[in-house]
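Asks: Below are the chains, spelled out letter by letter.
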Amino acid sequence: MRELALHILDVVENAIEADAQQVDLAVTEDLVSDLLTISVRDDGRGMNAAMLAQVRDPFFTTRTTRHVGLGIPLFAAAAARCAGDLTIESTPGQGTRVTATFQHSHIDQAPLGDMPQTLMCILMRGAHLDLHYIHRVISGSCAGEHLFEFDTREIKQELGDVPLSYPDVREWLSEFIAQGEQLLKET
Amino acid sequence: MPKLKSLDDLKSLKQKALHDLTIRQQTTTRITVGMGTCGIAAGARETMHSILQELDKRGIEAQVATVGCIGMCSKEPLVDIEQAGRPRITYANMHPDMIPRLIEEHLVKGGVVEDWVFGRVPLAGIGTEGQQQA
Numbered sequence: 001m002r003e004l005a006l007h008i009l010d011v012v013e014n015a016i017e018a019d020a021q022q023v024d025l026a027v028t029e030d031l032v033s034d035l036l037t038i039s040v041r042d043d044g045r046g047m048n049a050a051m052l053a054q055v056r057d058p059f060f061t062t063r064t065t066r067h068v069g070l071g072i073p074l075f076a077a078a079a080a081r082c083a084g085d086l087t088i089e090s091t092p093g094q095g096t097r098v099t100a101t102f103q104h105s106h107i108d109q110a111p112l113g114d115m116p117q118t119l120m121c122i123l124m125r126g127a128h129l130d131l132h133y134i135h136r137v138i139s140g141s142c143a144g145e146h147l148f149e150f151d152t153r154e155i156k157q158e159l160g161d162v163p164l165s166y167p168d169v170r171e172w173l174s175e176f177i178a179q180g181e182q183l184l185k186e187t
Numbered sequence: 188m189p190k191l192k193s194l195d196d197l198k199s200l201k202q203k204a205l206h207d208l209t210i211r212q213q214t215t216t217r218i219t220v221g222m223g224t225c226g227i228a229a230g231a232r233e234t235m236h237s238i239l240q241e242l243d244k245r246g247i248e249a250q251v252a253t254v255g256c257i258g259m260c261s262k263e264p265l266v267d268i269e270q271a272g273r274p275r276i277t278y279a280n281m282h283p284d285m286i287p288r289l290i291e292e293h294l295v296k297g298g299v300v301e302d303w304v305f306g307r308v309p310l311a312g313i314g315t316e317g318q319q320q321a
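Which chain is which? The protein sequence lines are Y and L, in order.
Anchor point for the first sequence: position 185 equals 185 in my numbering, and the numbering is continuous, going up by one each time.
Anchor point for the second sequence: position 128 equals 315 in my numbering, and the numbering is continuous, going up by one each time.
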């Protein structure tokens, strides 16, 4: 995949397929220790040890529509290429956490890419999904740590019965996220 | 510096939306984009973005949803349009630059972009098309 943001979208889609109601997505760019960490935690149905052992196999999938499952193997390969690693912890009935690490300055690291587009795709996915997103940038300069964070539960509280997919809300969300990410980039 | 977005903006949006929603509750257009690994790798995220932009630009109300892989990975990005009273049409290999024409011809003019059709489900359901014609 051309962007890490596409891998993120893919992993979150997995969480949604696993009936997750809540997804915690954290992107941490630690420029001091040269480490990029992407963590996706969901409260979906989780996996047992046998299934967990199989998910890195490209010929394993829970889908019935095709016989290959490339999402996790591709993400793992992207991390491995950048001196990083992909770990998956899962408990049946409780959820799954996927964590990928990358050497931030690695020449083979795909750009993080268009996070606003990825986040909008996730938010449009359904009314019952809640997303907590936090993007941290830790730099060595005096400024230290910057972050952009939001939680759809707070947003939904303001909105009441109005869905996130309502056009004006969608537009607001899209600008809100673009602004947040842009500010982070500038720092 | 532009005014930063705050959650307070949402309060005023809510008032307007609640009013509109009572009228639009039964939106009859549903657009579904395939967003499995295959779809994502083929550019479905950009296609989705383009659909949302085009709908906003034209002020068209439609539900836009994503779905996992339906098994036709080589035809991704797949875009499926359902409208009350019309056959359900699946379009294949839909890239962002094709979206304006799709929205114009399918949603605005009410036709079907035959060049890009991959599958269709007639009103009465799968397997009934031949009977209808007979």
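It should be emphasised that the hints constitute simulated quantities derived from the structure, not laboratory data.
Values in this document were obtained by computation on a predicted structure and should not be read as measured data.
For every residue, glycine included, the Cβ atom is placed at its ideal position computed from N, Cα and C.
Some hints could be false.
If you anchor each label on the Cβ, the simulated ranges turn out as follows [as the list claims (entries may be wrong)]: (1) Pro274(L) - Pro163(Y): 22 to 30 angstroms; (2) His206(L) - Arg153(Y): 44 to 52 angstroms; (3) Leu52(Y) - Val304(L): 17 to 25 angstroms; (4) Ser141(Y) - Gly258(L): 25 to 33 angstroms.
Taking lysine-lysine pairs in the DSS-like style, the calculated list, with each CA pair at most 27 angstroms apart, reads [to be verified]: (5) Lys203(L) - Lys185(Y); (6) Lys296(L) - Lys185(Y); (7) Lys201(L) - Lys244(L); (8) Lys203(L) - Lys192(L); (9) Lys156(Y) - Lys192(L); (10) Lys296(L) - Lys156(Y); (11) Lys156(Y) - Lys262(L).
Asks: Compare the structure with each hint and give your call.
Replies: Consistency of the hints with the structure:
1. Pro274(L) - Pro163(Y): 22 to 30 angstroms: holds, 27 angstroms
2. His206(L) - Arg153(Y): 44 to 52 angstroms: violated, 24 angstroms
3. Leu52(Y) - Val304(L): 17 to 25 angstroms: violated, 41 angstroms
4. Ser141(Y) - Gly258(L): 25 to 33 angstroms: 50 angstroms Cβ-Cβ, so the 25 to 33 angstroms window is violated.
5. Lys203(L) - Lys185(Y): violated, 33 angstroms
6. Lys296(L) - Lys185(Y): violated, 42 angstroms
7. Lys201(L) - Lys244(L): holds, 21 angstroms
8. Lys203(L) - Lys192(L): holds, 18 angstroms
9. Lys156(Y) - Lys192(L): Measuring from Cα to Cα gives roughly 15 angstroms; hence the hint holds.
10. Lys296(L) - Lys156(Y): Between Lys296(L) and Lys156(Y) the Cα gap is close to 35 angstroms, so the pair fails against 27 angstroms, i.e. violated.
11. Lys156(Y) - Lys262(L): The given pair, whose Cα atoms are some 36 angstroms apart, is violated under the 27 angstroms limit.
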